[in-house]
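Participant: Letter by letter, the chains look like this.
2 protein chains.
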Amino acid sequence: MDFQQKYDGYKKLVENFLEQRTRKKGISKVDEAMCYSLSAGGKRLRPVLLMATAEVLGKKGYNYLPVAGALEMIHTYSLIHDDLPCMDDDDLRRGKPTCHKVYGEAMAVLAGDGLLTLAFEVMLEQKNVPGDVLVEVAREIAMCAGNFGMVGGQALDLAAQGKTLTAEEMRTLHSGKTGAMFIAAVRSGARLAGAKPEQLLALTKFADLFGLAFQIRDDILDVEATTVELGKPAGSDEKNNKCTYVTLYGEEGAKALLDKTLAEAKMCLEMFGEDARLLSEIADMLKMA
Amino acid sequence: MDFQQKYDGYKKLVENFLEQRTRKKGISKVDEAMCYSLSAGGKRLRPVLLMATAEVLGKKGYNYLPVAGALEMIHTYSLIHDDLPCMDDDDLRRGKPTCHKVYGEAMAVLAGDGLLTLAFEVMLEQKNVPGDVLVEVAREIAMCAGNFGMVGGQALDLAAQGKTLTAEEMRTLHSGKTGAMFIAAVRSGARLAGAKPEQLLALTKFADLFGLAFQIRDDILDVEATTVELGKPAGSDEKNNKCTYVTLYGEEGAKALLDKTLAEAKMCLEMFGEDARLLSEIADMLKMA
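As you go down the protein sequences, you meet chains A and B in turn.
137 is the number that our numbering gives to position 137 of the first sequence; each next residue is one higher, with no gaps.
138 is the number that our numbering gives to position 138 of the second sequence; each next residue is one higher, with no gaps.
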């Protein structure tokens, strides 16, 4: 089975889990808005990363679908709120109208709130893990998603519009905005699968570099790809006057940095040998063609 | 020590905890917006309810400050998002400008997101409780705060504006919007303190009736009190064409229903005798003068 088939298999597992777990509806229309965004597609990268990391340590990734699915809920909530008129004001996401375009602003705020809350409910349903481990995993996911992580990065991003950032400021911004949830995904997978401290350390370093590579690639794609390819408006960074790895290093410079970062990320996996093959191949997905 | 002194003592404990727990700042200005709303005052009713419930079962309430404080963070996030221009569009809250009036809409969305996320981080820091119990407590809080509870109730409230609701529809709306978090507070306190099933059942029934009484009182106050007394615009229900217990039963009818509901709530505490005194006195706070 080649890598793409394998990846798609994991993705399907995540999507089935999300569909099944949100089938029972609550008391209002907010469920519909939540499911609209949750089922809008995407690579399901964070949950697949969690599962692939568990497999590095010899565990079956599909055993951790509640925590993995919760990560996708957190990611989706962040996209809904990020797209709001008072934030990035985007009309398209993954080729579909954004949540507030379909359900209105108020309902989109609530859909995001609902998904973030449901994420914690769902991750705490994880079975076959000692209570203390699950508490620690969920606490760390909250830390990565909050004001020291993703929410903090979003707030920095707001404040940065129209400003020129230093490389260090950019790194802090993206470590929060996108990096923290990759770290949450990999560390959760590792902890759930019972990683030893030195394994956790190497995997955390991998996740940090993976997140950096992801952001550099995102910045390059925003310049190179078309709106149809991206499923969201291309060239929006330039439109929004954003400081990116491309504005900082130029297109070629950003590509070189991407290659270097990916190579470093893969070095962190060497100690796991063949067991890290899937995780390593996921990192290869970030290479520019 | 009279009741008010005692209540203020618990309130002070919660406020000190919140102040101390949010002292370490994250990477962006969102922390400032979060603390602005979190320190804006209020009765701290949900955390005090949690502590008072633990004391019904012979435990010290101050041992559960992480979970109690987290409930106040969830409550505060819901107020920030509720006040947004796309929701209730309120300029005043507890006599102070609302979060988005001070920090702008985008930052207020993020401040709410940050507080909701931090709430889960903080509650999972609770010590001296078995991991399995804490997982169950946190999962139930998420359930009460989400699309089957508070967020669902908010969404029903949005949809209900300008419509006449039946008594049953009103009950569903408020059970979600305000009632669910009172249930979360009381049940968390009970579970953390090791309640037996029949104790948990009686306390849950108490919390449900307490929440109903709270809402009826809120509706009466909106008609009777002034903006200065409320710290938010009085008469806003009428302005927003909302269906309330006063529009449904009239002022006198609503007051009679409040008395009846409080009496029923206090009956649920009879089995605990003198141990439930504090909780019973908190219910008495909801009586109209």
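Among the hints, a few may not be true.
Treat identical chains as interchangeable: a pair holds within one or across any two.
[What the hints assert, rightly or not] Keeping only pairs whose Cα atoms sit at most 25 angstroms apart, straight-line, the calculated BS3-like set for lysine-lysine is:
hint: 1; residue 1: Lys239; residue 2: Lys255
hint: 2; residue 1: Lys59; residue 2: Lys12
hint: 3; residue 1: Lys127; residue 2: Lys266
hint: 4; residue 1: Lys59; residue 2: Lys196
hint: 5; residue 1: Lys260; residue 2: Lys59
hint: 6; residue 1: Lys60; residue 2: Lys205
These are calculated hints, taken from the structure and not from any lab test.
No experiment lies behind these values; they were computed from the predicted model shown.
Participant: Now look at each hint and say whether the structure bears it out.
Facilitator: A quick look at each hint next to the structure:
1. Lys239 with Lys255: within (21 angstroms within a copy, 57 angstroms between copies)
2. Lys59 with Lys12: within (19 angstroms within a copy, 47 angstroms between copies)
3. Lys127 with Lys266: neither (31 angstroms within a copy, 38 angstroms between copies)
4. Lys59 with Lys196: within (14 angstroms within a copy, 37 angstroms between copies)
5. Lys260 with Lys59: neither (30 angstroms within a copy, 57 angstroms between copies)
6. Lys60 with Lys205: For Lys60 and Lys205, only the intra-copy Cα distance (22 angstroms) is at most 25 angstroms; the inter-copy one is 42 angstroms.
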